[in-house]
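Number of protein chains: 2
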Amino acid sequence: MDKITLGPMPYMSVMPTLLVGANVKGKPNYMTAAWATVACMVPPMVCVAINKARYTAKGIEENKTFSLNVPSANHVVETDHCGLVSGAQVDKSGVFRSFYGRLNTAPLAEECPVNIECRLFTSVDCGSHLLYVGEVVEIHADRACVTDGKLDIAKISPIVYAQSAYFGVGEHVGKAFSAGTKYRKK
Amino acid sequence: MDKITLGPMPYMSVMPTLLVGANVKGKPNYMTAAWATVACMVPPMVCVAINKARYTAKGIEENKTFSLNVPSANHVVETDHCGLVSGAQVDKSGVFRSFYGRLNTAPLAEECPVNIECRLFTSVDCGSHLLYVGEVVEIHADRACVTDGKLDIAKISPIVYAQSAYFGVGEHVGKAFSAGTKYRKK
Chain A
7 MDKITLGPMP YMSVMPTLLV GANVKGKPNY MTAAWATVAC MVPPMVCVAI
57 NKARYTAKGI EENKTFSLNV PSANHVVETD HCGLVSGAQV DKSGVFRSFY
107 GRLNTAPLAE ECPVNIECRL FTSVDCGSHL LYVGEVVEIH ADRACVTDGK
157 LDIAKISPIV YAQSAYFGVG EHVGKAFSAG TKYRKK
Chain B
7 MDKITLGPMP YMSVMPTLLV GANVKGKPNY MTAAWATVAC MVPPMVCVAI
57 NKARYTAKGI EENKTFSLNV PSANHVVETD HCGLVSGAQV DKSGVFRSFY
107 GRLNTAPLAE ECPVNIECRL FTSVDCGSHL LYVGEVVEIH ADRACVTDGK
157 LDIAKISPIV YAQSAYFGVG EHVGKAFSAG TKYRKK
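Chains as they are written, first to last, in this note's numbering: chain A, 7 to 192; chain B, 7 to 192.
Keep in mind the hints are simulated off the structure, nothing from the lab. Being a predicted model, the structure only gives us computed values, none of them experimental. One should not assume that every hint holds.
[As the list claims (entries may be wrong)] Here chain B is said to cover these stretches of chain A; the calculated rule only asks that three of the stretch's residues, wherever they fall, bring their Cβ under 8 Å from a Cβ of chain B:
#1 39 to 50
#2 79 to 88
#3 100 to 112
#4 126 to 137
#5 140 to 148
#6 169 to 181
[Said to hold, decoys possible] Below, simulated EDC-like cross-link-like pairs (lysine to aspartate or glutamate); rule was C-alpha separation at most 20 Å, straight line:
#7 B:K9 x A:E116
#8 A:K70 x B:D131
#9 B:K9 x A:D154
#10 A:K188 x B:E117
#11 A:K9 x B:E117
#12 A:K156 x B:D8
#13 A:K191 x B:E116
#14 B:K192 x A:D97
#15 A:K9 x B:E116
#16 A:K192 x B:E117
#17 B:K161 x A:D8
#18 B:K156 x A:D8
#19 B:K9 x A:E144
#20 B:K188 x A:D97
#21 A:K58 x B:E141
#22 A:K31 x A:D97
#23 B:K192 x A:E116
#24 B:K33 x B:D97
#25 A:K191 x B:D97
#26 A:K161 x B:D8
#27 B:K58 x A:E141
#28 B:K191 x A:E116
#29 B:K161 x A:E177
#30 A:K192 x B:E116
#31 B:K70 x A:D131
#32 A:K9 x B:E144
#33 A:K9 x B:D158
#34 B:K9 x A:E117
#35 B:K191 x A:E117
#36 A:K161 x B:E177
Ideal placement from N, C-alpha and C gives every residue a C-beta, glycine not left out.
The shape of chain A in the complex, shown without the other chains (with noise of 0.2 Å):
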């Protein structure tokens, strides 16, 4: 391979394309994220980074409760609305019907098939944003999106995001755990 430099860039290859759920001065408010992934098995952890403007920052640090959806393929236009205005200027309240799991301050998306329900544990100020760490408290699902007691990735149709675009999930290439048996030292 021919290689060059890009400069440094906060560049990933695939991301999970998510709607932060926080209640601001009292009201249910959704974000589009994408800079989000697993911080810990044991306790279950999960993290997203937020620039420090946003209005649910206010609601993260106020109720030290958030919550990350899972929406769907067919919700992409509502999805992306979530990112294009702001929680200061419009109300997103009725973008998606609300409810509450376990605590009382994470506003759940009715809509996604999953919902990851999370209590702040702690947060990292990298700069413009800061890198929200939360317990996962419950995870909520659609009865229907679940198989033998597992979350169906196909039944769930989550929506990758990579170089500002959305897309599906693409055709099935190897086993985690097992592809690599077939290795062999070159």
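Mind docking chain B on chain A? Use the hints.
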């Protein structure tokens, strides 16, 4: 939707499949990881969650540098292999050819079309895992995967990780900061 609860779990809808590069005892080592994302825009940062017991964690602690390498779908066997065996038992320095960029201790995998070179910014002790946050000091890319100065996902062919399996990137379902303009209040 008929929502049910599944209990707290370290769940994320879709994740990037990556190889974390670190020098351990002076030798390059690569570990498969998917719990990673962007942590900040300015300065550019990424983060990755790694089990404390991992050999890779020793290298990051030792050198305060690491890399995130993006393998293509055609390297799924080598990629999964690096998640099946530990550097503590098996020398993985020959699975990929290594090169170095701006830092002297963050090995970069030549065969991966994109390499994210990082200097450790901080780490968060979450329990079983440490969440390493690194400042991106350089992005290295295969010239053949760059179109009009930008990284091209169709050429990179990254691997999506979800429910213990590897997938390709699927069909385009919308443009970010654009699809939402079609939203009309219900």
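These are the hints, each one checked on the structure:
1. Given a C-beta distance limit of less than 8 Å, the hint that chain B covers the segment 39 to 50 of chain A holds, as 11 residues qualify and 3 suffice.
2. With 8 residues having a beta carbon nearer than 8 Å to a beta carbon of chain B, the segment 79 to 88 of chain A meets the requirement of three or more and the stated coverage holds.
3. Only when three residues or more bring their CB closer than 8 Å to a CB of chain B does the claim for the segment 100 to 112 of chain A stand; here the count is 4, and the claim holds.
4. Check on the segment 126 to 137 of chain A: 8 of its residues sit with their Cβ under 8 Å from a Cβ of chain B, so the three-residue criterion for coverage holds.
5. By the rule of at least three residues with a Cβ nearer than 8 Å to a Cβ of chain B, the coverage given for the segment 140 to 148 of chain A holds, with 8 such residues.
6. Counting residues of the segment 169 to 181 of chain A whose beta carbon lies closer than 8 Å to any beta carbon of chain B gives 13, which meets the minimum of three for the stated coverage.
7. A threshold of 20 Å between alpha carbons decides the hint, and for B:K9 with A:E116 the separation of about 8 Å falls inside it, so the pair holds.
8. For the given pair, A:K70 sits about 19 Å from B:D131 by alpha-carbon distance, which is consistent with the 20 Å threshold.
9. Pair hint B:K9 plus A:D154 holds up; C-alpha atoms about 16 Å apart against a cutoff of 20 Å.
10. As the CA atoms of A:K188 and B:E117 are separated by approximately 18 Å, the hinted pair is consistent with the 20 Å bound.
11. For the hint pairing A:K9 with B:E117, the CA-to-CA distance comes to about 10 Å; that is within 20 Å, so the pair holds.
12. As the CA atoms of A:K156 and B:D8 are separated by approximately 15 Å, the hinted pair is consistent with the 20 Å bound.
13. Of the supplied pair hints, the one linking A:K191 and B:E116 holds, its CA atoms being roughly 17 Å apart against a limit of 20 Å.
14. Between the alpha carbons of B:K192 and A:D97 the distance comes to roughly 13 Å, so the proposed pair stays at or under 20 Å and holds.
15. About 8 Å separates the Cα atoms of A:K9 and B:E116, which keeps this hinted pair within 20 Å; it holds.
16. The straight-line distance between the Cα atoms of A:K192 and B:E117 is roughly 14 Å, inside the 20 Å bound, and the hint therefore holds.
17. For the proposed pair B:K161 and A:D8, the alpha carbon gap of about 14 Å is at most 20 Å, so the pair holds.
18. Of the pairs offered as hints, the one joining B:K156 and A:D8 holds, with about 15 Å between alpha carbons and a cut-off of 20 Å not exceeded.
19. At roughly 12 Å between alpha-carbon atoms, B:K9 and A:E144 fall within 20 Å of each other, so this suggested pair holds.
20. Distance check on the hinted pair: B:K188 and A:D97 sit about 17 Å apart at the alpha-carbon level, within 20 Å; holds.
21. A threshold of 20 Å between alpha carbons decides the hint, and for A:K58 with B:E141 the separation of about 18 Å falls inside it, so the pair holds.
22. At most 20 Å may separate the alpha-carbon atoms for a hinted pair to count; A:K31 and A:D97 meet this at roughly 11 Å.
23. Of the supplied pair hints, the one linking B:K192 and A:E116 holds, its CA atoms being roughly 15 Å apart against a limit of 20 Å.
24. Restraint check: the Cα-Cα separation between B:K33 and B:D97 comes to about 9 Å, which is no more than 20 Å; the hinted pair holds.
25. Between A:K191 and B:D97, the direct Cα distance comes to roughly 11 Å. Compliance with the 20 Å bound is thereby established for this hinted pair.
26. The suggested pairing of A:K161 with B:D8 holds, with an alpha-carbon distance near 14 Å, which does not exceed 20 Å.
27. With a C-alpha separation of about 18 Å, the suggested pairing of B:K58 with A:E141 holds against the 20 Å cut-off.
28. Our distance criterion of 20 Å between C-alpha atoms is met by B:K191 and A:E116, whose separation comes to about 17 Å.
29. For the hint pairing B:K161 with A:E177, the CA-to-CA distance comes to about 16 Å; that is within 20 Å, so the pair holds.
30. Only pairs whose Cα atoms come within 20 Å are accepted, and A:K192 paired with B:E116 is accepted, the gap being roughly 15 Å.
31. With a C-alpha separation of about 19 Å, the suggested pair B:K70 and A:D131 falls inside the 20 Å cut-off, and the hint holds.
32. Between the alpha carbons of A:K9 and B:E144 the distance comes to roughly 12 Å, so the proposed pair stays at or under 20 Å and holds.
33. Between A:K9 and B:D158 the CA atoms are separated by roughly 14 Å; this keeps the pair inside 20 Å, and the hint holds.
34. Our distance criterion of 20 Å between C-alpha atoms is met by B:K9 and A:E117, whose separation comes to about 10 Å.
35. For the hint pairing B:K191 with A:E117, the CA-to-CA distance comes to about 15 Å; that is within 20 Å, so the pair holds.
36. Only pairs whose Cα atoms come within 20 Å are accepted, and A:K161 paired with B:E177 is accepted, the gap being roughly 16 Å.
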